[in-house]
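Chains as they are written, first to last, in our numbering: chain A, 414 to 513; chain B, 1383 to 1757.
Simulated from the structure, these hints should not be mistaken for laboratory data. Cβ atoms here follow ideal geometry from the backbone N, Cα and C, with glycine treated the same way. Heads up, a few of these hints could be off.
Stated by the list, open to error - Which bits of chain B does chain A cover? Going by a derived footprint, with three or more residues having C-beta under 8 Å, they are:
#	region
1	1402-1413
2	1492-1501
To be verified - A few chain B positions that, by computed beta-carbon distances, are all more than 10 Å from chain A:
#	residue
3	1464
4	1516
5	1575
6	1590
7	1642
8	1645
9	1668
10	1730
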Amino acid sequence: MSTPLPDRYPRRRQVPWRTLDTEALVVDVSGGTLYPLNSVAARIWELCDGARSFEDIVHVLAHEFDAEDAVIRRDAERFIDELTAARLVEIATGPRTEGG
Amino acid sequence: MLFEGCAQNGGFGEASVMQLIAVKAEQRRTPLNMHLELTYRCNEQCVHCYCVVEHGKEAEAAKRELTYEEIVRVLDQLAELGCLYVTFSGGEVLVRRDFFDIVEHARRRGFVYRVYTNGIGLTEERARRLAALEPLTVELSIFSADAAVHDAITRVPGSFDRLIAAVHRLKSHGVRVYLKTVVMKPNLGSLPGVRALARELDVFTHVFTCEVSPRIDGDIHGPSRYQLTEDELVELYSSDALPKENHDVFGGAPADIARERTTCGPAVNGGCIDPYGTVFPCIAFRVPMGNVRERSFRDIWEGPPAAIRDLLSVEHFSDLPECSSCELIGFCTRCHGDNLLERGGDWKACHTRARTMASAKERVYRIVAKAEKGR
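Based on the provided sequences and hints, a complete structural model is requested.
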């Protein structure tokens, strides 16, 4: 990602999803696409709650997963890019509306 | 890479992750897919239907149905247990005045849902409203491209025209439409015409079955009189209108195939709730697990009665007494539920209807193999 990440990435409200153990299933109903997420991706998906910033998300991941900060940052950026491209999360730059 | 298998190159639908989730869902018996029969009342009277309410008894049936509040409670419980997919079926779902309220709640609770309907009550307003609630699919039954044949099966004059109008309405609102056909004696020759019509209508897909389920009230002879004979099944399976996958078979010795092949798995990662709140392992296997009016769905699901635990113990064909020595096992698609209804008891025994169908498939397989060898 060449530009700085915008502040927050709320999940689109109408996107159905469920967590199963540590993995998750996310469904793009309009496109008819099922996205199975592994445990790390599922955690990022959960953290895209509209309250946390990118830095907040990276901070949580760094505490929960055994990987170098640079790797976590790079991969989180890529995955959030993919989520936004798939229109599963939105990009929010205004003031926070939820706690966190 | 930290996220290997989840999000590379824009394709985070990795098969290995899906497989892991499927295995976990099965091991944990997460009810991922639930079938909710909202009513048995219907504005059609299809000759082969397994669950229709008799004319004149609709009001009585409606009083017994789960209320909106009860259904909402069940949906909330299902969501908490990890259920993602819900199918709303009937009867005819649109005869319930609160149908859209139920769907709205399902959407709020994050379900992906499918709707089975005959389409004849799907006005422009209802089609628009349904589209706004984003169903994954709306699935409609069509029995023939010939209106007279279709209407004779539904026993409602004009039902074909109303069905086609419903398809157009749904399509115009961008809804993903499936057409489905039960092939029986009255419409045996209809499949090519229906498939051509489906292409013309540009529906998402068309699927068919030739299994006519016995009525769940125990009347096994009513619908079964419309079932195709083995010779008729051979005629059907030989048709060019069928997709190739219908001829897939498992090869090898019967005992080996029986150990390898899994049976269907009712009550493993999904089940059925009837309009009156009774939970069943699937649509067909009508052994009650409990009733959501008396206990929470979680209690029912996690504490199944002995008969259901016995059902859950059957995972492979080799767990059944007759399958390991059956020469047709590679072609068999037995249904524990239909077998239970047909036999009225010993569902582990040979499912004779499935055997008839397997025998027809085996005959067609040999005909095709012989023809290919002769080329």
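Exclusion check [residue 1575/B not at the chain A interface, CB over 10 Å]: 27 Å, holds
Nearest-CB test (10 Å) between chain A and residue 1642/B: 25 Å, holds
Apply the coverage criterion to the region 1402-1413 of chain B and chain A: a residue qualifies when its Cβ sits closer than 8 Å to a Cβ of the chain, and three qualifying residues are needed. With 6 residues in contact (Cβ-Cβ under 8 Å with chain A), the coverage given for the region 1402-1413 of chain B holds.
Is it correct that the beta-carbon of residue 1464/B has no partner in chain A closer than or equal to 10 Å? 5 Å, violated
Status of the stated non-contact between residue 1668/B and chain A (beta carbon gap over 10 Å): 28 Å, holds
Please count how many residues of the region 1492-1501 of chain B have a CB within 8 Å of a CB from chain A and say whether that reaches 3. Coverage by chain A holds here, the residue count being 3 at a Cβ distance below 8 Å.
Looking at residue 1590/B again, its CB stays over 10 Å from all of chain A? 21 Å, holds
Over 10 Å to the closest beta carbon of chain A is the bar; see if residue 1730/B clears it. 31 Å, holds
Interface-negative label, residue 1645/B against chain A, beta-carbon threshold 10 Å: 23 Å, holds
Find the nearest Cβ of chain A to the Cβ of residue 1516/B and say whether that gap is larger than 10 Å. 5 Å, violated
The structure fails hints 3 and 4 (numbered hints given earlier, in ascending order).
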